[in-house]
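Asks: Spelled out from the first residue to the last, the chains are:
Protein chains: 8
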Amino acid sequence: MDQDINLDLQRAARLGFDEAIFCSGKTVEHIARILDQAHEKGLPLLLTRLHQTQFTELPEHQRSRIDYEPVSRTGFFGSPHASNGDARVAIVAAGTSDVPVSREAARTLRYYGAPNVEITDVGVAGLWRLLDRIEEIRRMSVVIAVAGMDAALPTVIGGLVPGVIIGVPTSVGYGVAAGGQSALNSMLSSCAPGLTVMNIDNGYGAACAALRVLRALS
Amino acid sequence: MDQDINLDLQRAARLGFDEAIFCSGKTVEHIARILDQAHEKGLPLLLTRLHQTQFTELPEHQRSRIDYEPVSRTGFFGSPHASNGDARVAIVAAGTSDVPVSREAARTLRYYGAPNVEITDVGVAGLWRLLDRIEEIRRMSVVIAVAGMDAALPTVIGGLVPGVIIGVPTSVGYGVAAGGQSALNSMLSSCAPGLTVMNIDNGYGAACAALRVLRALS
Amino acid sequence: MDQDINLDLQRAARLGFDEAIFCSGKTVEHIARILDQAHEKGLPLLLTRLHQTQFTELPEHQRSRIDYEPVSRTGFFGSPHASNGDARVAIVAAGTSDVPVSREAARTLRYYGAPNVEITDVGVAGLWRLLDRIEEIRRMSVVIAVAGMDAALPTVIGGLVPGVIIGVPTSVGYGVAAGGQSALNSMLSSCAPGLTVMNIDNGYGAACAALRVLRALS
Amino acid sequence: MDQDINLDLQRAARLGFDEAIFCSGKTVEHIARILDQAHEKGLPLLLTRLHQTQFTELPEHQRSRIDYEPVSRTGFFGSPHASNGDARVAIVAAGTSDVPVSREAARTLRYYGAPNVEITDVGVAGLWRLLDRIEEIRRMSVVIAVAGMDAALPTVIGGLVPGVIIGVPTSVGYGVAAGGQSALNSMLSSCAPGLTVMNIDNGYGAACAALRVLRALS
Amino acid sequence: MDQDINLDLQRAARLGFDEAIFCSGKTVEHIARILDQAHEKGLPLLLTRLHQTQFTELPEHQRSRIDYEPVSRTGFFGSPHASNGDARVAIVAAGTSDVPVSREAARTLRYYGAPNVEITDVGVAGLWRLLDRIEEIRRMSVVIAVAGMDAALPTVIGGLVPGVIIGVPTSVGYGVAAGGQSALNSMLSSCAPGLTVMNIDNGYGAACAALRVLRALS
Amino acid sequence: MDQDINLDLQRAARLGFDEAIFCSGKTVEHIARILDQAHEKGLPLLLTRLHQTQFTELPEHQRSRIDYEPVSRTGFFGSPHASNGDARVAIVAAGTSDVPVSREAARTLRYYGAPNVEITDVGVAGLWRLLDRIEEIRRMSVVIAVAGMDAALPTVIGGLVPGVIIGVPTSVGYGVAAGGQSALNSMLSSCAPGLTVMNIDNGYGAACAALRVLRALS
Amino acid sequence: MDQDINLDLQRAARLGFDEAIFCSGKTVEHIARILDQAHEKGLPLLLTRLHQTQFTELPEHQRSRIDYEPVSRTGFFGSPHASNGDARVAIVAAGTSDVPVSREAARTLRYYGAPNVEITDVGVAGLWRLLDRIEEIRRMSVVIAVAGMDAALPTVIGGLVPGVIIGVPTSVGYGVAAGGQSALNSMLSSCAPGLTVMNIDNGYGAACAALRVLRALS
Amino acid sequence: MDQDINLDLQRAARLGFDEAIFCSGKTVEHIARILDQAHEKGLPLLLTRLHQTQFTELPEHQRSRIDYEPVSRTGFFGSPHASNGDARVAIVAAGTSDVPVSREAARTLRYYGAPNVEITDVGVAGLWRLLDRIEEIRRMSVVIAVAGMDAALPTVIGGLVPGVIIGVPTSVGYGVAAGGQSALNSMLSSCAPGLTVMNIDNGYGAACAALRVLRALS
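Protein chains in written order, with the numbering used here: chain A, 1 to 218; chain B, 1 to 218; chain C, 1 to 218; chain D, 1 to 218; chain E, 1 to 218; chain F, 1 to 218; chain G, 1 to 218; chain H, 1 to 218.
These are computed hints drawn from the structure, not numbers from a lab. Note that this is a predicted model, so its numbers are computed, not measured. Mixed in with the good hints, there may be bad ones.
If you anchor each label on the Cβ, the simulated ranges turn out as follows [what the hints assert, rightly or not]:
id, chain 1, residue 1, chain 2, residue 2, range
1, H, D86, F, E69, 38 to 46 Å
2, C, D86, D, G85, 45 to 53 Å
3, F, P162, H, L131, 35 to 43 Å
Just some of the chain H residues that point at chain F, by a computed CB distance under 7 Å [said to hold, decoys possible]:
id, residue
4, F17
5, Q54
6, T56
7, I66
8, P162
9, G163
10, A178
11, P193
12, G194
13, C208
14, R212
15, A216
16, L217
17, S218
Beta carbons: idealized from backbone N, C-alpha and C, even for Gly.
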């Protein structure tokens, strides 16, 4: 199976993004071989959707090289990028169930050296919790708004904040909310002008989108 | 075709709702025959989804007996019920495109003698417009919240108002919002506790639901 | 993860609903921390979708403070509200498979001190079972009608009962019924005037909707 | 285009069904050519979904050979089969909007000489209208139950009547009912044992299914 | 939970169908209590979707009263009805993966004393296997055609056989076939006149529909 | 708008396909400008989905350069390629309503000089019509099988014919067949090994796929 | 109906976006009244989805104040904002059928004084057309990538360009592409890191998103 | 259950394909009986979707007769066909997660003696990896392009390669990509002319389609 692994060495040069390994659905053996190849080539890697059980089953010498965070299921293999100034990104999550996704965004930004602020449990069914934090949010260049269910949070933020807004629907919920399609459609049809949207649960992608903005700024 | 018409004379006694005729898709001849039967039996009727062109093509002697309102496409055939005290229902619409549906609810309530207040263009992408009216809305026993697109309005109201909330999704919008399924799912998966939902564009049904509440109150 | 928990202390004051914790998908550790926070602040909590295995794994000192009911998967943490007069809500379930949902509604009402009557296994494919109980149902202010599959029950009730009707579709069934979307659409397109609808399996929400009506009454 | 017409002469012998021409979407010229071919070969034809405007534009000599009925949009070209004893099929429609479909079934049965009874406007939201007719329906060998929206009618009939039940969902309605998929799924997931189902609006097919039963009986 | 069980004693009298217990999703305790109630009242029961593991966990005294068949996951509790003459029903399955469903139909018919013939692995991608058996199939009053994937089998049979045809789509397959919706839609839109359709995997229902036909015949 | 037209001059060299213009949804002015550009550059064009009314409104000097066929809505602008040997492609359509799609495939092949045979009205509900022609079909290298509704035709052909089979679902039909998704899914989940599938109504694409095969052969 | 219009005067101050009027589905009378109100208050407006026929039916004195562009169906009422430096946004469209959407984005940017470059007909099925322009695209801060059908364009751009990428799916196409859902899902599941997505056909929203980025830059 | 197995002995003669056994969902006992029957009759078999655990649980004497490959989950029972000349098929996979499907195609081709080249991890988000291999791909008669997510790979190949292209969407991905429907629709609506498509994850079918082409060539 080794010939099936083909790390993209040019990606960092071309786009400024290191290789990221989406671990869900990969066998532990497959992940271990990727890590070996990366280690040989001196490549750092961002590991996403690395489940606790996958991490635990990796060989000890590999585990010790990974900075693992279980809620977001992310791992940093090798050194992450140096941190870079003040926080310019707010990551706002509607409920505690959305934290695996918002934390994935936060960790991805941290890997790339982009400081950020996480604000949790400010869903609009309890509006005042959001309004209490809105001035802090307004000061950021980019807001990543993470929500499942009716996903009303990004619309309300999009009407109050002039910065770049990146909505991430989550698969949290049951009935018509199950899987996140309702939240996705809600964000796509938002009345707030200029709200952009990511795939369901794609906290990693939202962070990459934020990084594209931050680079344009610098 | 006359044998195909079978007006339900017991409905008013059984449920307290007069017969309502859903005119969309019916021929003008069919509607005219229903009106003739109702006139003979002395039955008042509420006509819904009666398009302007259908109304115009009805015979003059029938048109003159109908109180027609074109935005909501409703007609009162015969005398509506007497009005009954102060407004206990607020009908709140997110945008001007939702008015055909919110007006249908308002007209249905008026037909049954239930005073109500209409509040329009208070979508949550411009949150302050809603907050300016929220105290007025909180004083009502029932709130009918009409919205298309992301349909975030009922969730925000449901978190601020303790009364009965009836959400009506509308088919306003394009792309994933077209047809109203996104708005419907958004309302059904709302985080606000106890929000009830109607079929897409069903302003008439929302008013009937409000009337069921008002009767329980009296 | 403690900073991810942000109990909404103002909700009871604002809406009259205590905080409810949706436990499905949460880890036992997460639930335990929420209970600790609530205990410190003297907050009662309603726990929903608390699976038997989650309950069993909670620390003994927390388990002993919870009144747990396994069919509905609900727990009362702290004292529920005092019961309040005669039953004004009927909870009607089409089949025994719908009982987890109807019982969730019943338990939520009981938590908030609202007496109610449960009537089970009266699906309309065996119509006389329903007709035998219909007078009892007609005496209630609110009817919560719980049904999966073709979900014809709320329509038949809605044509016989003048009170407030809240339909709850369930995910019971297989083939096109699987997941509950058929039952949901059936209720939303009901011919009975003024039938309101909740998300699939949302017994908790139906009870909250009933409570909004009962408060308007009092 | 004449080579594109290939009338199936063996079908009547093989299955006992004459050729039926589904006219929707065909040009008037195309229909006219089919009629010419059938006339030359002495074949009778059943025309379905023949819209009034298509019928009117046919040449006079062809129109005069067609027994046309506009509500069902059916035409008999040539002599229909001789009528055959007492009615053994009841065709029951929930509302007047379902009549185009129920009448198509009635006309197809009449074309094949099968007497039948049509019962209209007995939707279960007004249950007593159905119960008034139920003994008459129980005496039939086959019941075709036609309904849109929540399509609860066939379930209720299926629980009261021991004969063969053929459900036909209709595309009547708006919102989630639009197009008939809700009604279809409702019938397919019916709790009544042994309810069979046809495609949306397929009154013709329901009649053919009834004819297959009647032949097995004879 | 005992009050949640409400066996329908009138069903056999009203419709000629004994109570059938759909066991999927029920706990073993729940099933055991139903069996106890039925035993006390001397009611025979047909058990469907009774998984091997559920059967094995039932108390020995109940297991011994059940005639269990694992492929169809059906059990006869008490004596089935006496067999009744020659086979008048053919049950035709496209592939071996469809056998759990076709066998459920066969077992249900056997429970009600209706002899039948099972023909398996005659999918139309190997057409000659079907044509070899077609004369045998043509002699039956009723054909139950069970198929997943493209579900072309009932259409081909419907064009060759004049009797009653009941199509049962199965959830066999992957990709767009997964879950059976493709097979269902294929059957509903069949070009063969008078093909009736059941819910996905509903072998029990197909047998009930066949029984309704057989009774009309007798 | 002229800068919006950017004819792909390299396509013929790169792939062997001339530019094809999909005319549906384009204004007549837009089409006329494309034809002018092509005429100036001496490029031949294949026009697809050119509706009769669009064709009629083109300027006379352009109409005269187009070989137009109304059933398939195709036009040849400039000289088509020279015809090339015996027919190696059969285009088989289930019903006359599928002819616009099958003819589009036939015309596209003719434009590129590939002789072919059209066989119409051989749907498998009347199986013998297909079996009468099957030897002729077996002699071809490629079979394009066009069908709507249950789309069983390609499966039956795929089990009888060893050559390349390209299925084209059509949007013919109503109810669950409307739009062609049922036919598409039916073909994709076919039990016949190696059946390839095109988008709904894509007769042009099927012909291109056949041409790719024919070139590999030559 | 005048009370139904409620222009949001604070929006420009709060978010930096003038009021935009979505004209599709509004009557000409309704649009005219909005223009009158805006004129009285001295508000400039951006009109989107203003169909040619709507524009033509407006009163002459209003038409003369509107800079109308028919392909994008946009109008500037009052003076647009002053242009602001060099182009920092590229708007890239896959085909000529996507131009109504890409032009809407271009016009919205122009209204707000943001210079931009339009590049059309560079779909990846003719890859070299895109590669010829890629260096020009790479120099921009923001790329709006507009595509229907398989919508592969934004993925290819996202892998070659480090700037901000905003994908806009279009409703161009037929069969599974009809309505744009395929293109939308294709963009949402793109393998290119950090691609953000808008609702189908939402060129206006893409421009607003680009403006949020440009402001963060300035 | 033995009577449920009906191996199609004529298939190889009729179509040139040996029997293939789809093992997913079959019990190990069922598979073992099929192998016994095949062994008795001297039939070779291709086993697909044979999971590692199924393989391991087969009796040793059967395991020893199977050439098993775990990534593709395929087994050769009996001798595969002799290899036949140079590779004329390229199997191109977008990512390593697509390898189970591309390998299934490769193994099926190998079983039938058709040499082929596998090229992996050339998704178009890293375009240069594909362009590096494009000349090699262009030399093949048939290209099987395997991709999930946005599935842009076959479109790009289809615009660069004149040979036969067979797209296989995979179920790789999450959110809107989950299950493979997005990838499928993307391929079906491809702008590249003549791209043919298989069911999701159907590597076996793609190989069969390629074999049909190769035979036409020989």
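Asks: The structure should be examined with respect to each hint, and the outcome stated for every one.
Replies: Hints versus structure:
| no. | hint | verdict |
| --- | --- | --- |
| 1 | H:D86 x F:E69: 38 to 46 Å | holds, 42 Å |
| 2 | C:D86 x D:G85: 45 to 53 Å | violated, 59 Å |
| 3 | F:P162 x H:L131: 35 to 43 Å | holds, 36 Å |
| 4 | F17 | holds, 5 Å |
| 5 | Q54 | violated, 21 Å |
| 6 | T56 | violated, 28 Å |
| 7 | I66 | violated, 21 Å |
| 8 | P162 | holds, 5 Å |
| 9 | G163 | holds, 6 Å |
| 10 | A178 | violated, 18 Å |
| 11 | P193 | holds, 4 Å |
| 12 | G194 | holds, 3 Å |
| 13 | C208 | holds, 3 Å |
| 14 | R212 | holds, 5 Å |
| 15 | A216 | holds, 4 Å |
| 16 | L217 | holds, 6 Å |
| 17 | S218 | violated, 10 Å |
Hint compliance for this structure: hints 2, 5, 6, 7, 10 and 17 are broken, all remaining hints hold.
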